[in-house]
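Q: If you want the building blocks of each chain, they are given just below.
Protein chains: 2
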Amino acid sequence: MKSFLILTIVLSLILVSSNFAAEHGAYFDYEGYTGPGYWSQLDVKYRMCGVGQKQSPINFHTNIDYASVSPYVYMQNVNYVRMENNGHTIELSSPQWQNSFINFDSTNYYFKQVHFHTPSEHRINGIHMDLEAHFVFEDPNTKRKAVVGVLYYIDPLGTNSNFIDPIITWAPRTKGNATYNVFVDIASVFSLVREAGPNWAYRYSGSLTTPPCHESVTWWVATKQLPISATQLVFNLRVYMGFNSRPTQSRNGRTVPGY
Amino acid sequence: MKSFLILTIVLSLILVSSNFAAEHGAYFDYEGYTGPGYWSQLDVKYRMCGVGQKQSPINFHTNIDYASVSPYVYMQNVNYVRMENNGHTIELSSPQWQNSFINFDSTNYYFKQVHFHTPSEHRINGIHMDLEAHFVFEDPNTKRKAVVGVLYYIDPLGTNSNFIDPIITWAPRTKGNATYNVFVDIASVFSLVREAGPNWAYRYSGSLTTPPCHESVTWWVATKQLPISATQLVFNLRVYMGFNSRPTQSRNGRTVPGY
Ligand SMILES: [Zn+2]
Ligand SMILES: [Zn+2]
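Taken in order, these protein sequences are the chains called A and B. At position 256 of the first sequence the residue is numbered 256 (the UniProt record's numbering), and the sequence of numbers has no breaks. At position 170 of the second sequence the residue is numbered 170 (the UniProt record's numbering), and the sequence of numbers has no breaks.
Keep in mind that the hints were calculated from the coordinates and are not lab data. Quick caveat: nothing in here was measured; it's all calculated off a predicted structure. Quick reminder that beta carbons are idealized off the backbone N, C-alpha and C, glycines included. Take the hints with a grain of salt, since some may be wrong.
What the hints assert, rightly or not - Below, a list of computed lysine-lysine pairs in the DSS-like style, where the Cα atoms sit at most 30 Å apart:
id, chain 1, residue 1, chain 2, residue 2
1, A, K145, A, K45
2, A, K175, B, K224
3, B, K175, A, K224
What the hints assert, rightly or not - A few chain A positions that, by computed beta-carbon distances, are all more than 12 Å from chain B:
id, residue
4, Y72
5, N86
6, Q113
7, H115
8, P172
Please model the complete structure; the sequences and the hints are all you need to start from.
A: So this is what it looks like as structure tokens:
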């Protein structure tokens, strides 16, 4: 009976993963043989996850890394979202966001979606935070991406994040489902992290932190971390997505132990 | 100037690590080239970290894994401890604990030390907790180990863990330092997790979760998770030790995706 149960689970996961693979690339997750250490072997398209030289996430050392002059931010009407539980994370997107962008190096990168990782993927001085939000932008001409990473810590005062609140209420608990037309205050997150000043983020050249790990990403990781309540994180957000944080990667060309 | 700073840091880290290597094995940590994916290449003694078939930690699936009849626990005088910050974790030990033990399979395993990982190393249904305490026991005849793992979650009510409280107060903030003769109520943790009943823990045969990753460990991971406050964890314990959690490993002989 127990073997039968296991077999059934294996078969159904294989069916799910082969359907998924046909469209998007091989099934991956954060455990064992399908976890981060094996991503590059799961699909030829995932090769960069293993051989890349500018992979993300990384650990910042505040005695070496300094915040750079950060992007100009223009976010409008980034409110009514589609919330999808895609099996890896909760992702918020909307076709109405085509006019919202960040600008740096004389280029506009337009907002595509925001999603989450628990615990944080980037670390600061070797210390992780409880949640990381990735705001993904794209240059429509080059298809190069810019991702703004915002780290959240569980606040002892129990302060709820207003940005996270509607996600807790409306995000689908089960994989493959979506909720539509939910109001979320995305611009508020940018207001908060920009309180750090014009140099509000660490900049580096990196990759997607999930397969196919393409190295076409300019990262901007906010220096200011934001509070979230234990109720929002421990009993809600991380239960929906589970552990979905890639280990920190070595930096290209640098050999500082600890990176 | 910046290159010079980096060079100085590299040199001093190499000095530290070669001193350390002579005595204990090569330097390791949780980042980049010295992180978990590279442990087996750092020192010939660490080979098992790469080729082992029963490595820890793992992810438990509560539809497949059941708690087993768990050890008899006899903990006395496990109070006055030496607290060491060894660079990887905070470790509590005392020579007076030689009479405290757990018993299973007709064998006594005597208490040696307890230390911590953030976030938790074991996961349950793919979900991590905020902290994991490892209570390490040893059979003096065979030198085989038994480790009791207790997972803690940040409690929205802000409940302080009485066990953790004196650690926050007395644990050395800097690596290589120790504090002596601190009162800690270790037995109370066992009282709490045993409230789950006679089958209070998942049992499996695994390894040390740090180099040399020896596979001589019987694991007992408590099914009951315990509360810790955000102040204790976010602003204290994880700042002292940073991210020190090995990724979950594949199970020996099992090929269930997701393990
Ligand atoms: Zn991401
Ligand atoms: Zn441990």
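Q: List in ascending order the numbers of the hints, as given earlier, that are violated by the structure.
A: Violated hints: none; all satisfied.
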